[in-house]
Each structure stands twice: as C-alpha cells, then as structure tokens.
Amino acid sequence: MLLTDSETARDADLLAARLSPRRRPGQWVAAAVILVLFAMFVHTLIANPRFQWDVVARYFLRIDILGGLGLTLWLTAAVLVCGYLLGIVLAVLRLSGNVILRSLSFGYVWLVRSVPPLVQLLFWYELASLYPRLSLGIPFGPEFLSFNTAHLFNGVLAAFIALTIDVAAFSAEIVRGGILSVDAGQTEAANALGLSRARILRRIVLPQAMPAIIPASGNMLIGMLKATSIVSVIAVQDLLYSVQLVYNQNYLIMPLLLVATIWYIVLTTLLSIGQYYIERHYVRGRGRRARGLLQLARENLPLFGRLRTDLARLS
Amino acid sequence: MSGPLVRIRSLRKGFGARPVLDGIDLDVVEGEVAVLLGPSGAGKSTLLRCVNHLEKPDAGFVEIGGELIGYRYRRGALHELGPKAIAAQRSRIGMVFQQFNLFGQFTVLENLIEAPIAHGGGREPAVAHARELLDRVGLAGRENAYPRELSGGQQQRVAIARAMAMRPRLLLFDEPTSALDPELVGEVLAVLKDLADSGMAMIVVTHEMGFAREVADTTVFLDAGRILEAGPPAETLANPRHERARAFLAAVR
Chain A
481 MLLTDSETAR
491 DADLLAARLS
501 PRRRPGQWVA
511 AAVILVLFAM
521 FVHTLIANPR
531 FQWDVVARYF
541 LRIDILGGLG
551 LTLWLTAAVL
561 VCGYLLGIVL
571 AVLRLSGNVI
581 LRSLSFGYVW
591 LVRSVPPLVQ
601 LLFWYELASL
611 YPRLSLGIPF
621 GPEFLSFNTA
631 HLFNGVLAAF
641 IALTIDVAAF
651 SAEIVRGGIL
661 SVDAGQTEAA
671 NALGLSRARI
681 LRRIVLPQAM
691 PAIIPASGNM
701 LIGMLKATSI
711 VSVIAVQDLL
721 YSVQLVYNQN
731 YLIMPLLLVA
741 TIWYIVLTTL
751 LSIGQYYIER
761 HYVRGRGRRA
771 RGLLQLAREN
781 LPLFGRLRTD
791 LARLS
Chain B
95 MSGPLVRIRS
105 LRKGFGARPV
115 LDGIDLDVVE
125 GEVAVLLGPS
135 GAGKSTLLRC
145 VNHLEKPDAG
155 FVEIGGELIG
165 YRYRRGALHE
175 LGPKAIAAQR
185 SRIGMVFQQF
195 NLFGQFTVLE
205 NLIEAPIAHG
215 GGREPAVAHA
225 RELLDRVGLA
235 GRENAYPREL
245 SGGQQQRVAI
255 ARAMAMRPRL
265 LLFDEPTSAL
275 DPELVGEVLA
285 VLKDLADSGM
295 AMIVVTHEMG
305 FAREVADTTV
315 FLDAGRILEA
325 GPPAETLANP
335 RHERARAFLA
345 AVR
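Note that the protein sequences, when read in sequence, are chains A and B. For what it's worth, the numbering used here labels the leading residue of the first sequence as 481, then goes sequentially. For what it's worth, the numbering used here labels the leading residue of the second sequence as 95, then goes sequentially.
Next up, chain B with everything else stripped away, as it sits in the complex (with noise of 0.2 angstroms):
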C-alpha cells in the first residue's frame, strides 16, 4: 500500500474551553511502532481515542488505510457515520485500555469471541481464533476462567488477545501497564514486544522509558496538546531539543 497507514492531520480537540488538542499531524506506517510521551494532560489519551473515534476531534481528520475515520467526505462537508458504519470501523482497530475493561460477567473465552460473533463470523472460526491468541500470550488453558480469578498482568493480557481478536490493522494502547504492580509490567510489555515483532502497526501511550527505547520506532513528545518532538527514539530520547521535553525525560527517568 501506498502513503502511511494512519495519517492525522490538524487534528484539534477541546473540553469547554480548554484545547486539549492544538494541532496535531502525525504519520505513522505499516508495520511501525509509535510512543507517545508527555506529562500528563498533555493529551496522549485523547490523541488515542480520536484514532478510533471514541472521542469526537472539533477539526482536523483521522485516516487508517486511506479511509476516514468517522466522517464522510461530500460536496464540502464532513458528515459524521451512522453508528453501524463507526462500529465497522472500530472493530479494525484494536485497543488496549489502562483498567483492562474486560467483561467480567464473561470467561476469557467469551470475552475474546465477543466481538467477532457480533460481527458475523460464527462460533468455530472465533473459537479457534481465540485458543491461537491466548496461546500467544500465554494464557493457553484459561479460557474459563473470570476475569476476577486472573492477576491484572493476566487480565492484560487477556485484554490484548481481545483487541486481536478481530484482526486489527492497528492496535492502541492506553497505558496498558500503569494499573499493574511492578513486578507484573514486565510480562504485558514482553506481549507488546512480541507484537511489536511480528510487524503489527501500534500506538503506544505508556511511561515506560525502557520500553520507547528499546521497541519503538517513533516516540512522539506531547506537550500542552501540541506535539513538541518526534523522531527514532536514539535521537528524541537521547537528545531531545526543548527544554520541556528535557525536563520531563529528566524526572522519568
């Protein structure tokens, strides 16, 4: 495919009065793993949620794979989807959030062929499907269990199986570690690597310094809804050119 595979551009989002978002343009390619850094309230989560939708930019544009997200383009306007039309496109992006958000009331199993039974595909395909994704992350011979039986880097886990589950073109991940204790990280960000590996497209909110460096391709310095600095983390990271992002690498780390 030609062109990246999300492009966004002046992408702009406030709450009341305050921007949250001041301007965004961001590529990021098949294939590629992009870390968003920042202080918090710099507005890394919304910048995420405006990839699939979940919040609504005020202006600006979203497109994954040449598509946009949302909206329709017609003689000027931007129409915004029907419901149907945003859960289609919804169900190509995976994410991945903070609190895990499994379905509790659902076994493992039940909560990773939810989404692909929603969408048409038939019990034995997801059924299989799933085995394989739990299998790669490690859970294999979990699948009855609650969630509230697992650790949270289990739960996590699980959670990353599911947003898999519907073959996604591009995964999100809403700092997928900060509700885990310490010594549970290492096992969710060791799935995320693995990912990472196998070429699948990713964004990445997260604070863990170790990881940007070692996995990304791209971190992306977020300040005051703006982004500051981006670029291959040996460069960004090692020498990054404004004070604030110098600052903000300097108390992380």
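In isolation and in its complexed conformation, chain A is listed as follows (with noise of 0.2 angstroms):
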C-alpha cells in the first residue's frame, strides 16, 4: 500500500510533536499546603517568646543535665547489651529440641510482655518488701551469704534489672525471627562441614540472620533510649529527671522539656545513622550496592539538594 501525501505530512507533524506529560495540579495544591502548614509551625517556634530559647540555651549544656544526659547513655547502652545477649540465648533455647528449655523460653517471653515495664520497674525497685533478705545457699539447705535487699538494689539497679529483662524478651523475638529466616540448608551444610553448634550460630546463621534482626532492633533500641526515661519516677537522675529537678526549682517546665527533647532528638539521629552503617555492613554478598547517606538523604527528604528535578516531577 502507497502512502498518501497527507498521510506522510501528518506523520511528520507527530515525530516532530513535543511529548506533554500530564499537569498534576493536586500534588502542587498539596505541597503548597504542607508548606504554609510547615511555615507556621517554624514561625510559631521561633516567634513565641514563651518557648524561651534563650533559657533553652542556657540550660542546654549545663553541667548536672549532661550527668542526666551520660546516665541515659550509658543505662541505654548496658541494658541493650546485655538484653540482646539474654535474649539470643532465649531465642535459642526457644528453638532447642528440649521442651523443658523451649517452654522456659517461651514462659519468660509471654509473662514478661505481659507486664507494663513500668509495673516491672516498680516491682524491682520494691522487691525489698518482698524479700527482705536475699541469701547465697544450697536449696533448701544452709546458706552462706546474706543480703539485705532494701540496700542492694539501689534505684539504678532496679533500672538496669528491669530494663534489661524487658529488652531480652523483645530481643528473643527479634533474633528467633531473624534466625528463622536463614534458610535451613545452610545450618545443614555447616553441620556436614563438621563445624561446632556454637560455630554454626556465631558464623553462619546470626550473620545471615542480622539483615532481618536489624531494623526491628534499630526500632527497639530507640524505643529502648527514650523509653529509660520511666526511671524518673524512681528518682533515677537521667536526663528527664534532671531537668524535672532544675523546672521544680524554677519553674521553667517547657524550655527545659525542650532541652530534654532536644537531646533525644539528638541522640536518635545519631543512633539512626549509626544503624545505617550496621545495616550497609551486613548487605554484603546479598547483590545489593550499598548507598552513601548522602544519597540516602537525598531519597527520603524531597528537597534535599535536588530541587529542580523535584519541583520538576511535580509540574
């Protein structure tokens, strides 16, 4: 079949034709919107003398508050250590072939989430109502060393007890779940190498098993963070109850819960960027290219430093 001349001119017409993406009016009434709202609440901020920045300022770096600030560190730290390391033994013994050991296991999980950490903390920090005395003995039989335990667990021990059998029984969930994601072949192959149990988990299955465990623990430990703040009400001097100590003095509550705040938000991100590390370290071997932070930035914050093409996408 001939083409006709009309036929060809109109042919012509459409290659040369600019392509004319579709407008998205909506998605700039939405950004517009978000960015009056967004606007507002960074004026409010800065032109509401009652936030009292200046107070914030002054208070922020303060000797007693950074011993508050050191204290939340470090309880963090501890508790975190040492709940993973119960909790990988409890996920372990979760995943034994002993049901004496597997209930222990799963016992300890359920009654423990069960408990508001709140409630544990208290019943620590009050455990010396209940046993008076704790002693080192045979069961049953004579004992050796004796306690008094109203001076034993001092509020910072409770804290760190109490914390640390809460991070265990979330961390045992994490682990096991990270464990059973690891494909069973591999502990088979391991045990046909003739590697030990211990081997096996310490190099085959948890390195395989940290991509799951990762994120869920990255959620917790933060959690974990600001969730040390309930040792306040035992009169723990963390970084919340250091600054309830300075606001009941003079009255300054909101400039001073923002220097609280100002510091979880600080450490929050550190322990966010710190995760992403841990995390890019464990994707070897999985065939996925690690990204740099910055360009992780760049995905999740829009404006990050590519604003042209994002005002594009949207026109």
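These are calculated hints, taken from the structure and not from any lab test. Cβ coordinates follow ideal geometry from the N, Cα and C atoms, glycine included. Take these hints with a grain of salt, some might be off.
To be verified - If we take Cβ atoms under 10 angstroms as the criterion, some of the chain A residues that face chain B in the derived model are:
hint, residue
1, Asp663
2, Gln666
3, Ala670
4, Asn671
5, Ala672
6, Pro687
7, Tyr762
Bring the two chains, given one by one in their own frames, into a single complex with the hints.
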C-alpha cells in the first residue's frame, strides 16, 4: 500500500511534536498547603516568646543536665548489650529440641511482655518489701552469704535489671525471627562440614540473620533510649529527671522539657545513622549495592540537594 | 585396607509411621562410584543423609573405614556420640547438596577455608589448598566473588571444592545437578567425573542416566526404602530384573 502525501505529512507532525506530560495540579496544591503549614510551625517556634529559647540555650550544656544525659546513655548501652545477650540465649532455647527449655523461653517472653515496663521497674525497686533478705546457699539447705535487699537494689540497679529483662524478651522474638529467616540448608551444610554448633550459630546463622534483625532492633534501641526516661519515677537521675529537678526549682517547665527533647532527638539521630552503617555492613554478599548516607538523605528528604528535579516532577 | 570403605547394614528409618528406609545393606569400596537411582520418595536422599548422620537411623548401622558413624558400641548398646565427635566424623565425609547451600555472607575462598580453620588447620595451608581446589574445579581467580555473583553451575563447583577442603575419604552428592539450568549440568558432571577418575569414593543420588552409565561402578536401584537391584550399570541399566526398575528406567530414559 502506498502512503498518501497527507499521511506522510501527518506522521512528520507527530514525530516533530513535543511530549507534554500530564499536569498534576493536585500535587502542587498539596505541596503548597504543606509548605505553608511548615512555615507556620517554624514561625511559631521562633516568634512565640514563651518557648524561651534563651533559657533552653542557657541550660542545654549545664553540668547536671549533661550528667543526666550520660546516665541515660550508659544505661541504654548496658541494657541493650545485656538484654541482647540474654535475648539470643532465649531465642536459641526457644528453637531447641528440649521441650522444657522451649517452654521456659516461651513462658519468660509471655510473662515479661504481658507486664508494663513501668510496673516491672517499680516491682524491682520495691523488691525489698517482698524479699527483705537475699541469701546465697544450697536450695532448702544452709546459706553462706546474705544481703539486705533494700541496700542491694538502689534505683539504678533496679532500672538496669527491669529494662534488661524487658529488652531480653523483645529481642528474643526479634532474634528468633531472624534465625528462622535463614535457610535451613545453611545449617545443614555447616553440619556436614563438621562445624560445631556454637560456631554455626556465630559464623553462619547469626550473620545471615542480621539483615532481618537490625531494622527491628534499631527500632527497639531507639524505643529503649526513650523508655529509659521512665526511671525518673524512681528518682534515677537520667536526662528527664535532671531537667525535672531543675524546673521544680525555677518553674521553667517548657524550656527545660525542650532541652531534654532536643537531646533525645540528637541521640536518636545519631543512633539512626549508626543503624544505617551497621545495616550496610551486613548487606555484603547479598548482591545489593550499598548506598551512601547522602544519597539516602536525598531519597527520603525530597528537597535535599535536588530542588529542581523535585519541582520538575511535580509539574 | 581390608574390607569395604563404607558398610551399611540393615539400615531402617521412618518419619512418623511411614518407613522411608526398610532394611538397606550396601557396601562401597575405596575409589568406587555408587549411583543411587529410583523414583522420588524411594529413600535415596535419606540413605545418603544417614551416611553422615544428618539423619539418625532407627535401626542398623553405617561404618566408614571400620568406624561406626554417630554411635559407639559398648556392652551391647549403641551409644550416640556427642556433637564434637559427630562433627569430627562429618568433617571427613564431604557432602554436596542440590541447592548448593554456599554460605552467602562469605566469599568463595572464605567458604572453602571455614571448615579447615574451624578444625584448627591454620589459615595459610587452608588458603593454599583452597586455591588448588578452585583451580581443579575450573574456578581459579574467583576467590573473592560472592556466591550470588556466580552462575548455578559455578556455585555447585564451589560447593564441590568446599566439600573437598577437609580432604574427605568419601563424597556424598544429593542430586547435584537437579537445581541447574540444563546447559550448566555438563560442567558440574565433568567435575564429578574428574573426581571419580582420580579415585575418590563417591555416593551419588542423581537422575542423570548418562552419568550413571558412563561413570558409575555400581548402580543401586531403590524403591520404597529397599534396594531392588545393585550391580554394574551395564547389567542393571540394560537388563533390569524387576518390573519397577524397568518401568522407572523406561520413564527417565
């Protein structure tokens, strides 16, 4: 079939035509509304004198606040390390062939997850009223050593124990899920090579479970960092309790709460960055390309360093 | 050494009420290649896994080089060995799996040296031996690749090299080519043939009849947990005596 002149002319027009993407006015409107709301939020932070930013600045680096910050940090770290070690043990028990060990782990997780952490904290703090004396000896037999519980369990120790027990229960479930996500063939191949059970767990299974464990753990770590603030109810001088001590004297409640809030935000941000690097370490061999932190920020914060492409996409 | 390398006697194994191995007797001598054939569910893989105690038999025993596998005989009873002793026995038996099961977080080289280092051999000799083995399976130069970066055939050849890393006296292959694309089967079978020619004793579960015909010293036909036929491939494959074996061979040919 021969093309007519008019058809060829039309084809030429189509080939020369500019591609015009569909307009999305709704996205422009939504973006404008959000930007206005954001501007209002920033404005009120600056313009409302009752935020008292000068007070925030004055107290931000004060020595007793930094002391509270230090306690929050090391309590979080100690609870996390001990809680996870206990959690790994519980996860392994839960996956063992021994029904008693499995039930023990299950029962522990069930009980601890059922009780609010604040209640657990008060329970350990008040343990002396339940067991005034603790002693070391043979069960039902003679005792060698004994302590007055009230002296043993000060606020910090009670906080450490209660939070560790809580973290262990939750991390046990996270670790168990991670271990189950590793293909059974890996354990089988390791067994066939004659590796010991401890080595199989440490070298083969846990490293491959890490990609499944880390995101949930990062979540829990950040939750734990903030949950340490409940220790303020038993007068442990963490970050929150330190600012409470100050505002109980000078009644500058809001600015001092802002001091604590900003510190929590700073710590959480640092932890998120740390989590990112640990995650990146464990993707090796998984065929995924590791991305830089800057690139990650660009992907998640739309206006970060690429305003023009983002605006172009909106239009 | 006198007597066969592997002696399997009256081996029984059931999962629940279902018997999977129903009294297996089998000998494999040094340097012999035994190929296990049979329909799926016949118990081939279970038999293979009993040889290195990945499955515990319900009755009967396996002996390799005169050593009982997984048990110790004392005063009329077979006592199961501790995990360390079993691990030591397994380390002298290489095993290759259908799904390769390479350790994904390790490079090729790390996969090969993990077991030798774990057994206290030291890193230097382990690395040197690993390089020799990689050269032998045609993968010299891929030491630092991760398993996922390799084709299925290459992964399986790494898995074979890994199984060789502890200098085993016996290699077990559980359908080594069944998870491979057809064009990659040949390169893996070539490695198996090379190992067989070098005098390595092997027990191979496979559906590759050509391999069985060409490389096997003995073909063993299993059905419903029993050995129906065992003998040189020229006899068992050409003139099977049992109807079940004839039907199976006609179907896979």
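Structure-based check of all given hints:
{"no.": "1", "hint": "Asp663", "in the structure": "holds, 8 angstroms"}
{"no.": "2", "hint": "Gln666", "in the structure": "holds, 6 angstroms"}
{"no.": "3", "hint": "Ala670", "in the structure": "holds, 8 angstroms"}
{"no.": "4", "hint": "Asn671", "in the structure": "holds, 6 angstroms"}
{"no.": "5", "hint": "Ala672", "in the structure": "holds, 4 angstroms"}
{"no.": "6", "hint": "Pro687", "in the structure": "holds, 5 angstroms"}
{"no.": "7", "hint": "Tyr762", "in the structure": "holds, 8 angstroms"}
The structure agrees with every numbered hint stated previously.
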